[in-house]
Amino acid sequence: MSEQWTIHLPCAGEFIAVLQIENAMLGRGRLPRWGSLTLAGAFWIVTQVLWWDYQPYSVQAIAFNGLRFLAASFLFGGTLVQKFFSPVICGVAILGCENLMGAVAATIWHIRFVDVWTTPGNVLIYGVTTNLVVWLFVQLLKRSAAPVDSHQRLAANTFLCVSAAMNCVLSIYGQQLDYTPVMMLVCIGMTLSVAAYFALLTLFSSQTLQANRIQDQIKMEQERSEALMESYRSQRRLTHDFSNHMDAVNFYLDRGDIEGAKTYLAGISQKVAAGTAVVNTNHPLLDALLSREYHKAAQKGVMLQFDLCDLRQFPLSDTDLVTVMCNLLDNAVEAAAKADPPRIDLRLKHLEGEYVGSVRNRVARDVPVERGALPASTKTGPGHGMGMANVCAVLDRSGGEYTISCKDRWFCFTFTLPAGAPAEQAATV
Amino acid sequence: MERMKVLICDDDPLFAERIEKAAAPFFAAKGIKADIRICTSAAEAEAVPELEQYQLAFLDVDLDGASGIALGRSLKQKNPAVMLVYISAYLEFAPQGYTVSAFRYILKDSLRQTLPVCLNDVYNELFTRHKALVVEVSRETVRVPYDDIYSLESEGRRVQVFGETPRSPLCVYYGKLSDLPGEMFSSGFLRVGRSAVVNLRHVRKILGYKVQMTNGVELSVSRALYGEIRSTYLEWRGRFGNE
Numbered sequence: 001m002s003e004q005w006t007i008h009l010p011c012a013g014e015f016i017a018v019l020q021i022e023n024a025m026l027g028r029g030r031l032p033r034w035g036s037l038t039l040a041g042a043f044w045i046v047t048q049v050l051w052w053d054y055q056p057y058s059v060q061a062i063a064f065n066g067l068r069f070l071a072a073s074f075l076f077g078g079t080l081v082q083k084f085f086s087p088v089i090c091g092v093a094i095l096g097c098e099n100l101m102g103a104v105a106a107t108i109w110h111i112r113f114v115d116v117w118t119t120p121g122n123v124l125i126y127g128v129t130t131n132l133v134v135w136l137f138v139q140l141l142k143r144s145a146a147p148v149d150s151h152q153r154l155a156a157n158t159f160l161c162v163s164a165a166m167n168c169v170l171s172i173y174g175q176q177l178d179y180t181p182v183m184m185l186v187c188i189g190m191t192l193s194v195a196a197y198f199a200l201l202t203l204f205s206s207q208t209l210q211a212n213r214i215q216d217q218i219k220m221e222q223e224r225s226e227a228l229m230e231s232y233r234s235q236r237r238l239t240h241d242f243s244n245h246m247d248a249v250n251f252y253l254d255r256g257d258i259e260g261a262k263t264y265l266a267g268i269s270q271k272v273a274a275g276t277a278v279v280n281t282n283h284p285l286l287d288a289l290l291s292r293e294y295h296k297a298a299q300k301g302v303m304l305q306f307d308l309c310d311l312r313q314f315p316l317s318d319t320d321l322v323t324v325m326c327n328l329l330d331n332a333v334e335a336a337a338k339a340d341p342p343r344i345d346l347r348l349k350h351l352e353g354e355y356v357g358s359v360r361n362r363v364a365r366d367v368p369v370e371r372g373a374l375p376a377s378t379k380t381g382p383g384h385g386m387g388m389a390n391v392c393a394v395l396d397r398s399g400g401e402y403t404i405s406c407k408d409r410w411f412c413f414t415f416t417l418p419a420g421a422p423a424e425q426a427a428t429v
Numbered sequence: 001m002e003r004m005k006v007l008i009c010d011d012d013p014l015f016a017e018r019i020e021k022a023a024a025p026f027f028a029a030k031g032i033k034a035d036i037r038i039c040t041s042a043a044e045a046e047a048v049p050e051l052e053q054y055q056l057a058f059l060d061v062d063l064d065g066a067s068g069i070a071l072g073r074s075l076k077q078k079n080p081a082v083m084l085v086y087i088s089a090y091l092e093f094a095p096q097g098y099t100v101s102a103f104r105y106i107l108k109d110s111l112r113q114t115l116p117v118c119l120n121d122v123y124n125e126l127f128t129r130h131k132a133l134v135v136e137v138s139r140e141t142v143r144v145p146y147d148d149i150y151s152l153e154s155e156g157r158r159v160q161v162f163g164e165t166p167r168s169p170l171c172v173y174y175g176k177l178s179d180l181p182g183e184m185f186s187s188g189f190l191r192v193g194r195s196a197v198v199n200l201r202h203v204r205k206i207l208g209y210k211v212q213m214t215n216g217v218e219l220s221v222s223r224a225l226y227g228e229i230r231s232t233y234l235e236w237r238g239r240f241g242n243e
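So the sequences go chain by chain: E and Z.
Heads up, the first sequence is in this note's numbering, so the first residue is 1 and it goes up one at a time.
Heads up, the second sequence is in this note's numbering, so the first residue is 1 and it goes up one at a time.
In short, the hints are calculated from the structure, not lab data.
Be aware that a few hints might be false.
[To be verified] Here are the computed lysine-lysine pairs in the DSSO-like style, where the Cα-Cα straight-line distance is at most 27 Å: (1) LYS108(Z) - LYS262(E); (2) LYS30(Z) - LYS76(Z); (3) LYS108(Z) - LYS205(Z); (4) LYS296(E) - LYS142(E); (5) LYS21(Z) - LYS349(E); (6) LYS30(Z) - LYS5(Z); (7) LYS296(E) - LYS349(E); (8) LYS21(Z) - LYS262(E); (9) LYS131(Z) - LYS78(Z); (10) LYS349(E) - LYS33(Z); (11) LYS349(E) - LYS78(Z); (12) LYS300(E) - LYS78(Z); (13) LYS108(Z) - LYS76(Z); (14) LYS131(Z) - LYS349(E); (15) LYS30(Z) - LYS108(Z); (16) LYS300(E) - LYS338(E); (17) LYS349(E) - LYS407(E); (18) LYS296(E) - LYS108(Z); (19) LYS76(Z) - LYS176(Z); (20) LYS338(E) - LYS219(E); (21) LYS407(E) - LYS205(Z); (22) LYS5(Z) - LYS33(Z); (23) LYS407(E) - LYS30(Z); (24) LYS108(Z) - LYS131(Z); (25) LYS108(Z) - LYS210(Z); (26) LYS108(Z) - LYS5(Z); (27) LYS219(E) - LYS300(E); (28) LYS108(Z) - LYS300(E); (29) LYS407(E) - LYS131(Z); (30) LYS349(E) - LYS176(Z); (31) LYS76(Z) - LYS33(Z).
Only chain E is shown next, with the shape it has when bound in the complex:
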């Protein structure tokens, strides 16, 4: 194998690792995944051939690769800011791996850093190890990553930029160092600091997530109690006014004004209808929630259609019920209000030992849904996407299943819950 090939091949391994990172970070773009990967591969070959006498570990090489990573990011999804930030993440991960492995190998074999990647065997080990590390890293982050607030994100991004710059410096100037143990220690220190950074970020983000969940639940509980209180107050007002209304109707009838009495009664009926339940499922809280959502939808011009069954045994505690139904219906009302026709269909059915629920609403345009989840790009902040995350968390905890789809301008969230005693009742048994 020619010497130039051993220079190109590590780049190939690194580029594959970069594609893994960008795929995980940015998600699918307009092209199907295989299309993006094929184009990215072709792009790498063309650019590598164009700069055949590629010189690694130089400022030009780092700039060249940075631009190449940026260009590849346009084959994936995500926002423009995320695309521009992806080379930084790739730089930290790839250069970090390269510097650490190079420094360790150079120290063990007592050779210069620049001479480590000169044999095909070393290049192969390097490529495979880098990709394996990146894959493990991506899997770990997928499990533990959660939204962080803007201050945390700013600090995190600054750290990553500094870390990427430090790795660039190490990569360019470290080649000229003969005293590799120092280089190794610096690289190990850099890697540990990045690992500590991710551990702290995960910790902070899970705390933020928990705090947001609690805040959301408190807010919903408040809304719920306010809605119930409001319903109670209007009921009392109506009862209080009942005799006055009767007097008024009597007055019209005494005068023989049938039309006047009818008009007056129609006015009262409207008032009564606005304050009373529109569904009756034998589950008072669910009735109150669904009625409130119905009126809220009606105010926004959205037609909310119910198809329900007897839900007295619906297997969710009050808090979880509020989390699931309010989040799903609030989202549906918000989306349907912008669509034409503005319509929501809610079904809750008891089928063969489980409850199956479906919230289908019209949307202005189809939302890309991948593997039953909303695209990562729509979840840009700590508050955004939390509602759906909370719903999914409740369903997971309750042993349910769920799926999300969006086609022909219908967004659909379907879930199942194993039938059984409601959680709060079960806990007291």
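Once you have looked at the hints, place chain Z on chain E.
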């Protein structure tokens, strides 16, 4: 022109007429001649001849002298496929409606908004079910209603169409599963593997890479598409599943 029989039972004749005035033109616009019979009491409705042929019934819950729920139960006994739509001024009766698997429960107050949507759903439920697979078997055209089909399995160049009885195909024809009309898949059929398509209406559950049909037959599910197939089935149950 297709025909359907509709029963309206309400002790308020004016109200029954309102429903008729909404239903008749709706179905006529869809090319269906609706034969509508109005009754003002449960006894009168019970005495209607060929009651088992009625496909749709709009019933008032609180009829004079009898309950609309009892009438609905009686109609269901005569024809389990009849679609019951309860119309009432009182929401309190709704849970009783669920005991007879009412298709819809609508309030008189909101009839103007809800009836058109309800009629549309009735139409979809009644007339998309009547679609059929038309195939050539031994130079004869055979029409198999979608509802009767449990699964279609390919074996070589032949496709076997199975119904309720396991291992005894309703018909066998030369063709491919990939050539099945797209309309079948929008009517609740799902490809679960290279050689099988199932009617989701007759699926009991999908578990452990197997589809269990309501007639006890088990079919293998493609491992690569298992997650997607389960999601599609879940979504279908959410939209159309009924007790």
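Status of the hints after comparison with the structure:
no.	hint	in the structure
1	LYS108(Z) - LYS262(E)	holds (17 Å)
2	LYS30(Z) - LYS76(Z)	holds (26 Å)
3	LYS108(Z) - LYS205(Z)	violated (38 Å)
4	LYS296(E) - LYS142(E)	violated (36 Å)
5	LYS21(Z) - LYS349(E)	violated (31 Å)
6	LYS30(Z) - LYS5(Z)	holds (15 Å)
7	LYS296(E) - LYS349(E)	holds (23 Å)
8	LYS21(Z) - LYS262(E)	holds (24 Å)
9	LYS131(Z) - LYS78(Z)	holds (24 Å)
10	LYS349(E) - LYS33(Z)	violated (32 Å)
11	LYS349(E) - LYS78(Z)	holds (24 Å)
12	LYS300(E) - LYS78(Z)	violated (43 Å)
13	LYS108(Z) - LYS76(Z)	holds (23 Å)
14	LYS131(Z) - LYS349(E)	holds (26 Å)
15	LYS30(Z) - LYS108(Z)	holds (25 Å)
16	LYS300(E) - LYS338(E)	holds (10 Å)
17	LYS349(E) - LYS407(E)	holds (23 Å)
18	LYS296(E) - LYS108(Z)	holds (21 Å)
19	LYS76(Z) - LYS176(Z)	violated (39 Å)
20	LYS338(E) - LYS219(E)	holds (25 Å)
21	LYS407(E) - LYS205(Z)	holds (24 Å)
22	LYS5(Z) - LYS33(Z)	holds (9 Å)
23	LYS407(E) - LYS30(Z)	holds (25 Å)
24	LYS108(Z) - LYS131(Z)	violated (33 Å)
25	LYS108(Z) - LYS210(Z)	violated (46 Å)
26	LYS108(Z) - LYS5(Z)	holds (22 Å)
27	LYS219(E) - LYS300(E)	holds (21 Å)
28	LYS108(Z) - LYS300(E)	holds (22 Å)
29	LYS407(E) - LYS131(Z)	holds (23 Å)
30	LYS349(E) - LYS176(Z)	violated (36 Å)
31	LYS76(Z) - LYS33(Z)	holds (23 Å)
Checked against the numbered hints listed earlier, the structure breaks hints 3, 4, 5, 10, 12, 19, 24, 25, 30; every other hint is satisfied.
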